[in-house]
Amino acid sequence: MQTKITFPHAGEYYVVFKDLFTNLGYEVVVPPSTSQKTLDIGIKLAPAQACLPFKITLGNLVQGIEKGANLVGMIGGKTGICRLAYYSDMYQKILADNGYPVELLAVKAKKEFWLSVKKHHPTLTLRQFMQTIRDFWRKLVIFELIREKSLAIRPYEINRGDSTRMKGRFLRQLEQTTNATELKALKQEIIQGFAAIPIDKERKIIKLGLVGEFFLLIDQFSTLNMEEFLGNNGVLLKYSLSFSEFFVGSLKQKRFLDNYLPTHNNQVYKYAQKYITRPIGGHGRESVGEAIVFKQKGYDGVIHLYPFSCMPEVVASSIVPRVSADWGIPILSICLDEHTGEAGFQTRLEAFTDMIKRKKYPFIAEDE
Amino acid sequence: MNQYYVGVDVGSVSTNIVLLDSKDNQKLSEALYIRTKGQPMESLREGFKILQDKGYSSEDILGVGVTGSARVLIGHIIGADSIKNEITAHAVAAINRYPQVKTVIEIGGQDSKMIILREGVVVDFAMNTICAAGTGSFLDQQAFRLNIPIEEFGEFALRTVEPVRIAGRCTVFAETDMVHKQQEGATKEQIVAGLCEALVRNYLNNVAKGKSIEEPVLFQGGVAFNQGIKNAFEKELGVQLVIPDHFNVMGALGSAILAKEAIHETNKPTLFKGFEIMQRNHLLKRVECRDCSNACELTEVTVAGEIVAKWGDRCGKWQK
Amino acid sequence: MGNGKNKELLAAKIIGIPRGLSYYLDNFSWEEFFEILGYRVEYSEDSSAETFAAGNQLAGSEQCFPVKVYYGHVVSLLQKTTNLFIPQYTSLEQGTYCCPKVIGLPQLIKNTIPQEFNLLTAEIDLGREKFTKGNILSLARQLTWNPLRISRALTYFGQNSKRLPSKIPEGEKFVGPSRDQGKNGLIGVVAHQYALQDSLLNMGIMNRLGEYGFAYVTSEHYPRPESPANPGYFNRRAPHWDFGQNILHAVQGMLLDKDIRGIIFITYFGCGIDAFLEEIFKDQVCDQKPYLGLTLDEHSGEAGLMTRIEAFLDMMIRKEGKNRHAD
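Residue numbers (our numbering), protein chains in the order written: chain A, 1 to 368; chain B, 1001 to 1320; chain C, 2001 to 2327.
Be careful, since some hints might not be right.
Said to hold, decoys possible - No more than 25 angstroms apart at the CA atoms, straight line, and that leaves these computed lysine-lysine pairs for DSS-like:
#1 Lys1037/B - Lys201/A
#2 Lys274/A - Lys1209/B
#3 Lys274/A - Lys1211/B
#4 Lys1102/B - Lys37/A
#5 Lys1268/B - Lys360/A
#6 Lys1268/B - Lys204/A
#7 Lys93/A - Lys2289/C
#8 Lys1037/B - Lys357/A
#9 Lys204/A - Lys18/A
#10 Lys359/A - Lys1209/B
#11 Lys1273/B - Lys360/A
#12 Lys108/A - Lys118/A
#13 Lys1181/B - Lys1211/B
#14 Lys204/A - Lys44/A
#15 Lys1285/B - Lys357/A
#16 Lys359/A - Lys1211/B
#17 Lys238/A - Lys118/A
#18 Lys2133/C - Lys44/A
#19 Lys207/A - Lys184/A
Said to hold, decoys possible - Label pairs and their calculated CB-CB ranges:
#20 Gln1052/B - Pro362/A: 32 to 38 angstroms
#21 Thr2155/C - Glu1119/B: 57 to 63 angstroms
#22 Ser2029/C - His120/A: 50 to 56 angstroms
#23 Arg278/A - Ser2151/C: 49 to 55 angstroms
#24 Gln2288/C - Arg172/A: 50 to 56 angstroms
#25 Val1121/B - Asn2160/C: 52 to 58 angstroms
#26 Glu148/A - Glu2310/C: 56 to 62 angstroms
Said to hold, decoys possible - Short derived list, chain C residues pointing at chain A, Cβ under 10 angstroms:
#27 Gln2057
#28 Ser2061
#29 Glu2062
#30 Tyr2097
#31 Cys2098
#32 Gln2107
#33 Phe2234
#34 Trp2241
#35 Lys2282
#36 Ala2311
Simulated from the structure, these hints should not be mistaken for laboratory data. From a predicted model like this one, the values you see are computed outputs, not experimental measurements. No residue lacks a Cβ here, since even glycine has one placed at the ideal position from N, Cα and C.
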């Protein structure tokens, strides 16, 4: 039987993962974009107290399986403290119980990944495998460049929507790009493309850092398009974590590597030390440390996002007010679940940005 | 001749409109408080009609600001210069009235807020996220059950010195407990006072948790009318609450000031379409934009078949 | 580790231990450990409604009920002493973890309680013996200079810090309050240790069982099999949480135990671990025995809760009654 693989949509990151699996020799079924329907499936099948990322990804998988997939690519491993480490087992049980018996493929920076792929594709050589991983990595870096550029330009753009359109265009291009030379050219094109967007440099913008649970930081659906909402409101956003760092992070069991890898984990942990001394699962410790790093980099504020019932982040969210007071940086903690309404969510984001903006740029004109 | 900035606060319980004198930030020429009754458009129409009848002309309006839960809808229809959230609006109004204010307690119909300010700048805020137990509708419902007009609720509470303790943070549980206390022989007054304390407890546990409440404390929003609540707050917090003159239209006042700021900043004439705009029949429709894969859900407003406003798109092309 | 205010500590000679969460984790007596070092241990009172009310003012609203109650214990202890010992249990076995809230507990409390206090803590990872021993050593060193006491305390820890043995001797099996089956039968109660032992957290459910003529055994009385990695029965990989393995194994044991008529599972809103666990065993349990899953929090009204328990027990009495006639 031909193995057809599907995987959680994970925002726009699907572009890169689709490529990875295709190059590894799988037939790929990309699940439909995450929608309310996806979430509804997840809510129906998942335990009520499961976290939002689990519900959404489960919905993605079911939609992918309904389109013909029989293999599930699970991003992230089976170790760790938080529930992510048990996701794959839960997927398998719930999917099987509901008439979707599927196999699982754990995608991570470990030897097991190679071994499982090898089982599906015996002819694949290690060399080819490594090349695929390298190509995947290159594409990932370009992907994140596009994302970062659009975030940096959006608050300044004169014609609203320019950077969003530009991002969409480049993502489509990236999807079709296959070889290294083309990628290099695309990179140049991206830099030039975004530079050509007409901007208003004088605009009074503020810089906010985003920390929190990883899935929420990459999935536009669960954060109700916060990225664009804030960008259009004059906020330059920066994510504390990207997928590439997530993968590098999963290598860090080898501690000495920390000094050589392109993450700033050491710094983050150093800052977090006073508040959380050791890993508590997920990115709880990172959320606290990254908030302080943002402060040090001159950001005006931090938004901390976490799903309801996320164990590590609930601990972090309790500690966040102390961090905010100690370091003098405003932090807005927002807990998201399937009941989060767009209105209340946006009101709080807007009030937060207003608060910072009005402090940074006091309104001068008084009575005429 | 006087010119004005209009502030509109369209909330779930009331629709408030103020006219702020363009020359004097302290002078409110009009302050209207209209029950929304689930129909924001209707109540706004009513309000604008009152203003027109009083002789105000659209030409004298220099700018319009909208806040409240229906702000986007109303803002697009009437052509607002500023569409801002309630927290900012309330904070701006509070600073306008009391520049020294350090804490704002605002309890509205469906949500309640706390705003912490230092030296005229918002430094922290919180909103109720869980349920309505710390809001005005909690009192509304219980007043209805007890058959007491909501206006007299506060007085009832003042008539007793021994409130009963009513448990449960949610309206349903509170109701159960209230019935229970009635069976145990508590008087209406004791129960009303108990409800006031329950609301204050809920507010402090949900909204004000971990906030440093410093004086002066401003108490605004429709519920500030209720003496029972004010007393309960003062008892619990040990501070004096200041109730501003226009406590029930502070959101609208704030949005009028925000409109003024917006006009000054952009230096453009107002976008206001005139009081008459509300006399026309607006039709609302949800449509899906099919121009790209985003498939945004748009809200489209038509008047006599002509599209007058459309928003909800991510790319921004419909909002011009 | 602490914050260096050794003089004050040494002078007071009292160490407070909040009775909640990690306090119930193992059978190790910290009291004796600290006595060897020359300190008296002061515990917080039994949980009460006031404990919760005091804790609720400080704990984040998304924290689970047991954590909120724990805050209350801390608050009440701080009136007696400003030296608090909150152990940082990260793992009770190799390859497993405690719940993130328990792991982060000492720092969570330290960074969210406004009052200043001396936090004494030590990371305890029973899967990493040397590491843990080192942490215990530095804890002991903070408390005394006396090498004799330190070495005695360390020895004491080394000998006693074992979890429930993986195999309880045959004769002592099911050492519950009784192995008599009550008038109406034996019920299995499954929950985290702190929930089983704190009657505020379990809302007095166990007492109710007695009133209705049921005896009970709890999940604590089911030791785990020797190989922790394989509960096998539920056809799933063992979860990587200590609490989780314990609960799964207890459920399995109860299902196989013919004397047990029905199973009650107590959990709390926001408990991430239990949300997944229940999903694993629920179908199988429901197929075999009457099952009642209770998700509690501070808003659970006692009346509603008792109605459910009563209904569950009635159902069993009626069912058992029938069966007895049929025999």
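Can you list which hints this structure breaks, lowest number first? Structure breaks hints 1, 4, 8, 9, 11, 13, 14, 15, 17, 18, 19, 23, 27, 36.
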